[in-house]
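S.K.: For this one, chain A is given, so just place chain B on it according to the hints.
Protein chains: 2
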Amino acid sequence: MFIEPKILKGFRDSLPSAEIEKRGLIEKIETLFRSFGFVPIDTPALEYAEILLGKGGGETEKQVYRFTDNGGRDVALRFDLTVPFARFVAEHRVPMPFKRYHIAKVWRGENAQRGRYREFTQCDFDVIGVDNAGGDFEILLMIDSALKALGVGDATIRVNHRGLFNQFLTRLGVQEKSGEVLHLVDKLAKVGRGAVLEGLTKTVGGAAEKILDFIESKGRFEDVLAKITEMAGEKATVHAERLALLHKFMKDAEASASLVLDPSITRGLDYYTGVVYETFLNGLPEIGSVCSGGRYDDLAGLYSKEGVSGVGASVGLDRLIAAQEALGKPRTQSSYVHVVVACMDEAMFGVYQNAARKFRDAGVNCEVLLKKTDKLAKQYILAEKKGAAWMVVYNGGVFTLRNLKTRENKSFQSAEEAVKAVLSGGVERELRKNDAFS
Amino acid sequence: MFIEPKILKGFRDSLPSAEIEKRGLIEKIETLFRSFGFVPIDTPALEYAEILLGKGGGETEKQVYRFTDNGGRDVALRFDLTVPFARFVAEHRVPMPFKRYHIAKVWRGENAQRGRYREFTQCDFDVIGVDNAGGDFEILLMIDSALKALGVGDATIRVNHRGLFNQFLTRLGVQEKSGEVLHLVDKLAKVGRGAVLEGLTKTVGGAAEKILDFIESKGRFEDVLAKITEMAGEKATVHAERLALLHKFMKDAEASASLVLDPSITRGLDYYTGVVYETFLNGLPEIGSVCSGGRYDDLAGLYSKEGVSGVGASVGLDRLIAAQEALGKPRTQSSYVHVVVACMDEAMFGVYQNAARKFRDAGVNCEVLLKKTDKLAKQYILAEKKGAAWMVVYNGGVFTLRNLKTRENKSFQSAEEAVKAVLSGGVERELRKNDAFS
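So the protein sequences, as listed, match chains A and B.
The opening position of the first sequence corresponds to residue 16 in the working numbering, with each subsequent residue numbered one higher.
The opening position of the second sequence corresponds to residue 16 in the working numbering, with each subsequent residue numbered one higher.
Only chain A is shown next, with the shape it has when bound in the complex:
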């Protein structure tokens, strides 16, 4: 019996170098989330289809992996982390305000175009149970800090306010068309002005030009805010004040992010009701928003009588990885190892591992090679490929430490002395990441 080893379309394996890169990014993001006081949660990959698709239908339903389990239950794989979070909040009494992050896989049977996978990792972070500018601002600051931590260069965070936009549509008398208008407006960057104008004219007739004037407002934050507030009328004042506060907080916090008020940002999804965010890398705007989100005010509404207001965003991990590659950051790390112990005699693995343990106990990652080679040089080459900085060769009671970069050897009477020499040579986990030993 032979089975061809194939993988499903739209799915992929993660080889060590890719997985090390991905984990590196996730660890940085997670450290950041924790530093803001956010706590992790997890939910099942599989849920009742009714729970996941309650609001859904349409586009979502077509993409979902849905089936009947062995117990006859109608189940589905989660397609995002927001719907399970809503169910989670309705089911558990969490202390409010509640700041949570959730980094996990989701599945969508989308057409597997370039860069679109059917299995991908989402990194969501939300504050729920409070509706004020402090919450909106915290998410904004976290987006800014996350991009800094990931070292992807300068970025521009574009914000807008869905409530203000809706107020404007109400004033124009086209509020009942808001869903269609939002969908059309959301495509501005993709399909261009002409196509949006055509679509809008079909939908709202003469109001189309005014809507375009609104969403195309450009300039300083204060100026755009003044213009769209005036267009939206008096009832929009409360939303305008929220945006003004956000802008003020950025300055007070000495945040360096470039914050732009862009009325064309609407985030197609229906559930946003307040501030919305999209984030573009200045060096690579064409890959689209790498971190998006916004405020919603009825998170758990489907599963609970109490509406819960919240604000959050999601880091586009796969886009950021693609960005790092496009920006020419090479994926160099092939392991986490600092020191490699050579294999000279297969009867000596106990001694090799004893020496290796002394490195590990000192925080130095140390691998014992498991195969003898005809020439020791082959083991040097292998160690270098792994990205190690040093090699230990044990022979006749002597530990020889080889600096794989300078090719200098130094001998010691004990493993402890070799560990000391490596430590004084400044090996630290972080150093390797900085390519000091690459």
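Among the hints, a few may not be true.
Claimed, not checked - Short derived list, chain A residues pointing at chain B, Cβ under 10 Å:
| id | residue |
| --- | --- |
| 1 | I22 |
| 2 | I56 |
| 3 | T58 |
| 4 | E62 |
| 5 | V90 |
| 6 | S319 |
| 7 | G322 |
| 8 | A371 |
| 9 | Y395 |
| 10 | G412 |
| 11 | F427 |
I should point out that these hints are in silico values taken from the structure, not numbers from a laboratory.
As the structure is a computational prediction, the values presented were derived from the model and not from experiment.
The C-beta atom is built at its ideal place from N, Cα and C for all residues, glycine as well.
M.R.: Chain B only, in chain A's frame:
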């Protein structure tokens, strides 16, 4: 429309305190894997059913979540990490020997008994592409080190050799019944001597007593080894030598684990061919093996023409968590936060976050509270619940730092001075884990 927020039977949410505990264990295990030079990989949750069930059928098939996707493909959720690894190895050219770890969820539609979940996390680590005592020993040492790193107290690692056992069965002339015999023997601890003897007698007649004598051998490693080697006959010598080397390496490496040669350990699974391991906590043997594995010599055989020998084990994360609770280790950590900034005025979030950023930049996790309270004391209580050690109250240009344990306050003219005071007070991420501030 209202949907009852319910979760599938055998599945569960992970609330922050449980998730923080779990991530803490995973981070320790992962640090250990990396320190041995192991690299991470990942594979899809969903694969062709043919790939996952190729060898399977029977018990496995009944438990698998299998369905037809929207493209008409026969697919299934992975039920372990070994089968996907075999497919991975057949599909990718990885440098051998290859040392990998894989920490990921798997799904089995098992009867949801006590402690049995349908979704759980596996932590697998394997060395493939080399068949020597050095590989067997490395896995043994990693089991020992992992349990030390997790702080679950003393453990006993029980080993045996499937090749030696099979040689013994061959000598008895019952080798064609080895599958049934292995299944029966594997149940010794669970069902007792009588039931096993009865089953064996039905299967192999008069050989039953001899098999029981073999598997019940007890005593010093050397003595048990001498006895079972003699029982298995001359052809078992090579396997006996492998076990003797393992024992020697443990001494050479000054490993402290209690290593027992236990011929009743067979690991029911068919694919093991060499050394097998099970690990029991001395303080809690009744929960069963918390880390098991062994050597197999045809990992990718189903998907490739080349047989690949390997050895590995799997850490039973859920059992270890249950063990920590049973051993009375309280789950105390409710967040990662060290310092909390009070909310005195909702117009000041920019200033609060600016101060918080200075703590974060110094490696101190700092959360800004988002809601004013009628009394400040309520915010102290909230900060304590989060497990924070300090609170910062900003008022009229002055930063007051409150030690939440001693309830002492100290005032500073700048956030930087408050950061310095906290750092000199020795706040470190690790300290909280040691309950220094609980």
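S.K.: Each hint should be assessed against the structure and marked as holding or not.
M.R.: How the hints compare with the structure:
{"no.": "1", "hint": "I22", "in the structure": "7 Å, holds"}
{"no.": "2", "hint": "I56", "in the structure": "6 Å, holds"}
{"no.": "3", "hint": "T58", "in the structure": "5 Å, holds"}
{"no.": "4", "hint": "E62", "in the structure": "6 Å, holds"}
{"no.": "5", "hint": "V90", "in the structure": "7 Å, holds"}
{"no.": "6", "hint": "S319", "in the structure": "7 Å, holds"}
{"no.": "7", "hint": "G322", "in the structure": "13 Å, violated"}
{"no.": "8", "hint": "A371", "in the structure": "8 Å, holds"}
{"no.": "9", "hint": "Y395", "in the structure": "15 Å, violated"}
{"no.": "10", "hint": "G412", "in the structure": "13 Å, violated"}
{"no.": "11", "hint": "F427", "in the structure": "18 Å, violated"}
In this structure, the earlier hints numbered 7, 9, 10, 11 are contradicted, and the remaining ones agree with it.
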